[in-house]
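Given the coordinates of chain A, assemble chain B onto it according to the supplied hints.
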Amino acid sequence: MGPLLAARAFFTRSEVSADGRTLHQIDPSSWDRFYRDRWAHDKVVRSTHGVNCTGSCSWQVFVKDGLITWEHQATDYPSVGPESPEYEPRGCPRGASFSWYTYSPSRVRYPYVRGVLLEMWREAKARLGDPVLAWEELTGDPERARAYKRARGKGGFVRSSWEEVLELMAAAHVHTVKEYGPDRVVGFSPIPAMSMASFAAGTRFLSMIGGTLLSFYDWYADLPIASPQVWGDQTDVPEAADWWNSRYLIMWGSNIPVTRTPDAHFMTEARYQGTKVVAISPDYADNVKFADDWLAPHPGTDGALAMAMGHVTLTEFFRDRQVPYFTDYIRKYTDLPFLVTLERRGDAYVPRRFLTAADLGAESEHAAFKTVFLDEETGEAVVPNGSLGFRWGQEGEGRWNLDLDGANPALTLLGRRAVEVDLPRFDEGATEGGSVMRRGVPVAEVAGQLVTTVFDLLMAQYGVARDLPGDWPASYEDASQPYTPAWAEEITSVPAATIARIAREFARNAERTEGRSMIAMGAGTNHWFHSDQIYRAFLTLVLLTGCQGVNGGGWGHYVGQEKVRPITGFQHLAFAFDWQRPTRHMAGTAFWYLATDQWRYEQIQADELASPLGEGMFAGRSFADCNAQAARLGWLPSHPTFNRNPLALADEAAAKGIPVAEHVVNELTSGRLRFAAEDPGDPANFPRVLTVWRANLLGSSGKGNEYFLRHLLGTDAETRNEEGVHPVEVTWREGAAEGKLDLLTTIDFRMTSTALFSDVVLPAATWYEKHDLSSTDMHPFVHAFNPAIAPPWQTRADYDVFLGLADTFSELAAEHLGRRTDVLAVPLTHDTPDELAQPGGRVRDWKHGECEPIPGRTMPKIITIERDYAAVGKRVRGIGPLFADLGLTTKGITYRVEPELEYLGGKNGVTPEGRISLDTADRMCEAILALSGTTNGRLSTQGFETLEKRTGTKLADLAAEHEGKRITFADTQSRPQPVITSPEWSGSETGGRRYSAFVINVERDKPWHTLTGRQQFFLDHDWIIELGEQLPAYRPPLNMHRHYGEQADGGAAEVTVRYLTPHSKWSIHSEYQDNAYMLALSRGGPTIWMSVEDAATIGVADNDWIEAYNRNGVVVARAVVSHRMPAGTVYMYHAKDRNVNVPLTERSGRRGGVHNSLTRLLLKPSHLIGGYAQFTYAFNYYGPTGNQRDEVTVIRRRDQEVTY
Amino acid sequence: MRVLAQVAMVMNLDKCIGCHTCSVTCKQTWTNRDGVEYVWFNNVETKPGVGYPKRYEDQERWHGGWTLDGRGRLKLRAGGRIKRLLSLFANPDLPDLDDYYEPATYDYDTLINAPAGPHVPVIRPKSAITGKDMAITWGANWEDDLGGAPEYAGADPNLAAMVEKVKMEFDKTFMFHLPRICEHCLNPACVAACPSGAMYKREEDGIVLVDQDRCRGWRMCVSSCPYKKVYVNHKTGKAEKCTFCFPRIEAGQPTVCAETCVGRLRYIGLVLYDADAVLNAARVADPSDLLEAQRQVFLDPEDPEVAAAARASGISEDWIQAARRSPIYRLAMRYRVALPLHPEYRTLPMVWYIPPLSPVLDAVTSVGADADDPDNVFHAITDLRIPLEYLASLFSAGDIEVVAGVLMRLSAMRAYMRARTVDGSVATHLLEAAGMTAADMEEMYRLLAVAKYDERY
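Just so you know, the sequences run in chain order A and B.
Terminal number for the first sequence in the working numbering: 1204, no gaps in between.
Terminal number for the second sequence in the working numbering: 457, no gaps in between.
Extracted from the complex, chain A is given alone in its bound form (with noise of 0.2 Å):
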């Protein structure tokens, strides 16, 4: 305790002043019992939110008379250290109004079917007997199923019965993979790090039936796709509290006080440090005001600023004058010095391919996967240690490292011979695809083959004039060439002076502070189409400066609660592999995609992205084909998989006698097999089961709103939108499905939009009535939920609700499935030897006769899995027989993990079946901590030393501190708890250090999960070769007006604007925009944003109702008028759910749409991409995202009088 003392003084007097101004006295002693009362209460319980808002606050919920009260945030966070602010309190004010829901009249008491379907169910059961009978009859007869999915989203639920709906839900499940298949039964839950335990329940359960596990990371579009593009690496970022190092912190699309609300005042704090904090935004956000500088480029055309503050980086640290800091760290930590070959095109060069050991004629192992440089001193080309072919097999044991070994890579052939080199550019063209530059490299000539630096091509592509052949910038104030400040000033509107200005400062800060100047960005950066450039462009600013694996610098990409510290344990149990091996991880963007028809509607075409250099690969094929195409080449996972049941393949294969792999390729290749991807049409590759829990997805994340209600449920929907160009290769069938599927269930404590639309309602148990985990990367501890009270009602925890499940699944799946064999198509992995898959990421497609098709190398590896149908409710309550056979693998690393399983069989029991017991979900997060090495130090420390024999670096010093540290639940439960360093993510806590991504990398050489080993600049896969963006590149927002046309239907006064959604200030994605303090301090409904001008336009004043409206469908809301908007823009905060305080549209009659009801999905094709290097697949690790900021809508004023 503090100067604020316990003590209470007793005074006696009472008194007026002399003057009789004013009364002092003590209280009297009856009147304030009143408020005292009020503060009064039994118990105190520690729990936290689960709501993807990177928070993870730990928070006190006071009970009362067994009622909860309120909460008020934790303070005994362990400390940052003396000389550093602390996490205490974390928290926002969305967090601290959670308890309303608790006893709100909207929470979700009991389980609800629709009674149109109830009453038919009940019907065709009670005739048929048996459920899964029922089930099949009811989804069979066209006109039943149309009745009760047309009724889906207009009301009319009726309570039912647990035993009831998870009957109903069962015989769905069965009937589902029994007829269709077990990947047709689907299963959407996001972010596991906001509640690990609640996610694996489900995810578990499916992964034993075999259901198709969506991601959500990519999806979301918080994915930033440059990350494993440069990195190989999902996401990795600094912890909040490494802003405090910072001394140089820019804020590029990222509203800290609004969407990280309980860290920003890191930021605000590190200012008193002396830390320098600029703004970028295009409107006076919530942060620009703690900013030293506010840039607001025009929305979308952040990328061009970030190449302007390059090509001043790279002219006034590289080329006018070197920095010995920058230029070893370059050489050693990326792919700068490495060389490209060039290849004649027309009376120029194009770069092509990193030169690999293979072009040298080296006879090594994986010599295709080893990258080459120059000696500066010896002029030879040297194979370093360290990049991929170094990482898997024999002759790369202990060398996988970034020890140059005396080596002093030629980071430049500057001085020898130059030729020209054609470049892409897109801020000019006729097409998405831009135009070329042309401008020049030096060069040498390597085994017969002309190269280049990457350097060298990134100065020709930054335009750095070094005196080269080919057209350049002539200075700063050069408008006409990219990318010059005077260029990005023309298309951002930041001046010029300033963009040099800002730049300069942020390198020159990270040159006298060895690397820590950082940029924080955010989704207003990351959710556009082009994105991963726009990021790149970022990138290029930190790792050219030494600012990457520094504490205080590097990137900060603050966008989803994606990091689950205790990674392994809870990977393993998530997806059952102590069961079996693997699940069926599918890439949610290219799920959904399909599933809801939103490629049936694409006026362009893949071919329309791509740079004029490009050698065609994409001639008049829709994204829907190149998304078949990376299904089949073993690129992107794709479920549901084949146009047939994959029971059936196994069963064919056995009556044949032939193996399952062979079986599938024959039948592949003789047609008679199709990927389900090249026919979504076709109702036997419909998704049919659709369990939604801890997520809304129609009222959230689910871009292309409309698109869903017509297509996925057949009910009522606002698109007019018209159909577009036909695939060549995916079928086109006419006539759109409406309402693929057949069951949606949402498991939540809260009518949202998912919930209104779904078939069954399913009461949950609140983040205050549940055993839980949560984490995130916003700081190093672990801590649990707990229940303050008991879920009440008919309330269950997600964990209970998936036992019972399994049970009843199981009790009807005895008789209709039993044991069968399961057939998966599994792609090509990442940190796994798939990455050596296709070397050089040539394209080549059996289908087509380039190659040969063989699983696992040129197409999906072909595994097949027994499954006892009858036997998952056993199954999903005890750890299988693999932990122990195989151990556990993250990351290319395997654990061993015996003596945790003896701890935990005394620590948790068995089953009667004699497994470690997972019955409950407590017992599932000690499994986790367990089993994970962030939480156990043994465990890091065998990770470590495994890694060692490969890189032949020292390593498991940085966990020995911990060695003998486990991290209980009951720890979890008594206060917040640090994490172990461990080789499961890159950064150190080791000595109480802040977290910062790749320190381990730096500071041990070891090397990034990349085909070099190091950060890269350079990508040479051919598609992304085929779409210009080999080098960081501006690419500008589509130009949906070119490609959709004008979209106003005129009459009322109206505006076309830039329509962007971001994270909204008072709720968390669509959790708490219901809840009455947050309806009290917004405005109580949907609003969108205006500017003055905007809304003089269109003759709209603050608060008057308007209607939003595009192609894809119809908003209403009310206008918020603010100068801080700038012209030309607008943006409806973040899922806008259609809940509450939405009238009906003046345009069609009906309920007004979602946030997303004005987006919809796009592919990009270098997000299929697959089987090579760092371009392989994982969950939620690459796929393609669901991006929602290129879009434009119209606005106009409405009739004020609205009626619901």
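Worth double-checking, as some hints may not be accurate.
[Said to hold, decoys possible] Which residues of chain B face chain A? A partial, calculated answer using Cβ under 7 Å: (1) T21; (2) D109; (3) P125; (4) I129; (5) E164; (6) F176; (7) L178; (8) A192; (9) T243; (10) S411; (11) R414.
[As the list claims (entries may be wrong)] Here are some chain B residues the structure puts well away from chain A; computed CB gaps all over 10 Å: (12) L68; (13) D69; (14) P92; (15) A161; (16) P304; (17) M333; (18) G405; (19) A415; (20) R418.
For the record, the hints were derived by calculation from the structure and aren't laboratory data.
All C-beta atoms, glycine included, are put in the ideal place defined by N, C-alpha and C.
Chain B alone, transformed into the frame defined by chain A:
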């Protein structure tokens, strides 16, 4: 000298992120009940803006606080005893619900219970007062993040005098957040105005409270409080207000709003003051002298005479120690970076504010103070985005020099610490400019930046 102790608060607006966590935790804890739906003991306003209730700062309209009569005597602006008695039943200075807002609730259960129909079920706003359908046209935080906005900024009393200088244009946008609780004034107008003797200032810690047993609902406190931080519970008819969480304070815990402040910008501590000096301080002639006059009322707890007098007043030794460790005293008196809100109301408020630095320059045209020197990263305070006049209107009765002095010290601290942490140098010229010793500068830095829990409270 008559020594009294006061628990006081300082909020560092330069750290406020405008998140409203304080408002929510306070409301959850104290006012989520019938009769006080519209009441926020703690609210946060976006400035510029008209505030909650609307234009509460316009004392020409509401007649809150104190003024001096022709002979320099202190009197309630609401008028003398007679005038107040005459208006007991028709107080023209009382804000009505429109000045606050009509609180809404929603027909929440519709989402579950809606019968089958043609549309997606929706909940719509209903008046929490009448239960009838309503349109939402104003709220507890209507102006959130507007930065004023042309439709409202003109009504901000602080802007009235400077409309020429402040343009509501994109390039010139500025805003900051102002969290407000009861000021627990040394010279509370609400207490003086209460006809029932229900309002009082707690002897031991200065917390201003309403005795719920004695309150007769005359509402003079509401109109007399210039900060409009006394409210009427429309169910009980009695006045209610921020209690400085006295059940927590008595247990040695900070207020809810302070402990849950995510921006870590609230400080609580004891201040010793001379109760005999309050009246004279409140009636200095020139409003711009009020700040210094209030500072003079505060007593230096390190002064042995003060300590002796405190003991004589019955203040215990641990309280005297607490006063010595008080972050409030340090911020207000030693570093002189905290300022009272509207000292011209003459109530001697005890919740003080460090004004926001908000240093950004013009978004479009600026090139910075020194474009050629990349090591010179900060702008001069004369370039600051928020007009000094605006801050002076809030915190120093219009005296720009006072606000500029505070901002200069904060800026000097940043530049000083930058030199210290980047290359280890000590920028003595900055210490001289700020008039501070190196030790004071670093202690102030620690208190504002590192701000450990046990140093904030």
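Hints versus structure:
{"no.": "1", "hint": "T21", "verdict": "5 Å, holds"}
{"no.": "2", "hint": "D109", "verdict": "4 Å, holds"}
{"no.": "3", "hint": "P125", "verdict": "6 Å, holds"}
{"no.": "4", "hint": "I129", "verdict": "13 Å, violated"}
{"no.": "5", "hint": "E164", "verdict": "17 Å, violated"}
{"no.": "6", "hint": "F176", "verdict": "6 Å, holds"}
{"no.": "7", "hint": "L178", "verdict": "12 Å, violated"}
{"no.": "8", "hint": "A192", "verdict": "5 Å, holds"}
{"no.": "9", "hint": "T243", "verdict": "6 Å, holds"}
{"no.": "10", "hint": "S411", "verdict": "10 Å, violated"}
{"no.": "11", "hint": "R414", "verdict": "6 Å, holds"}
{"no.": "12", "hint": "L68", "verdict": "14 Å, holds"}
{"no.": "13", "hint": "D69", "verdict": "13 Å, holds"}
{"no.": "14", "hint": "P92", "verdict": "23 Å, holds"}
{"no.": "15", "hint": "A161", "verdict": "20 Å, holds"}
{"no.": "16", "hint": "P304", "verdict": "19 Å, holds"}
{"no.": "17", "hint": "M333", "verdict": "15 Å, holds"}
{"no.": "18", "hint": "G405", "verdict": "18 Å, holds"}
{"no.": "19", "hint": "A415", "verdict": "7 Å, violated"}
{"no.": "20", "hint": "R418", "verdict": "3 Å, violated"}
The structure fails hints 4, 5, 7, 10, 19 and 20 (numbered hints given earlier, in ascending order).
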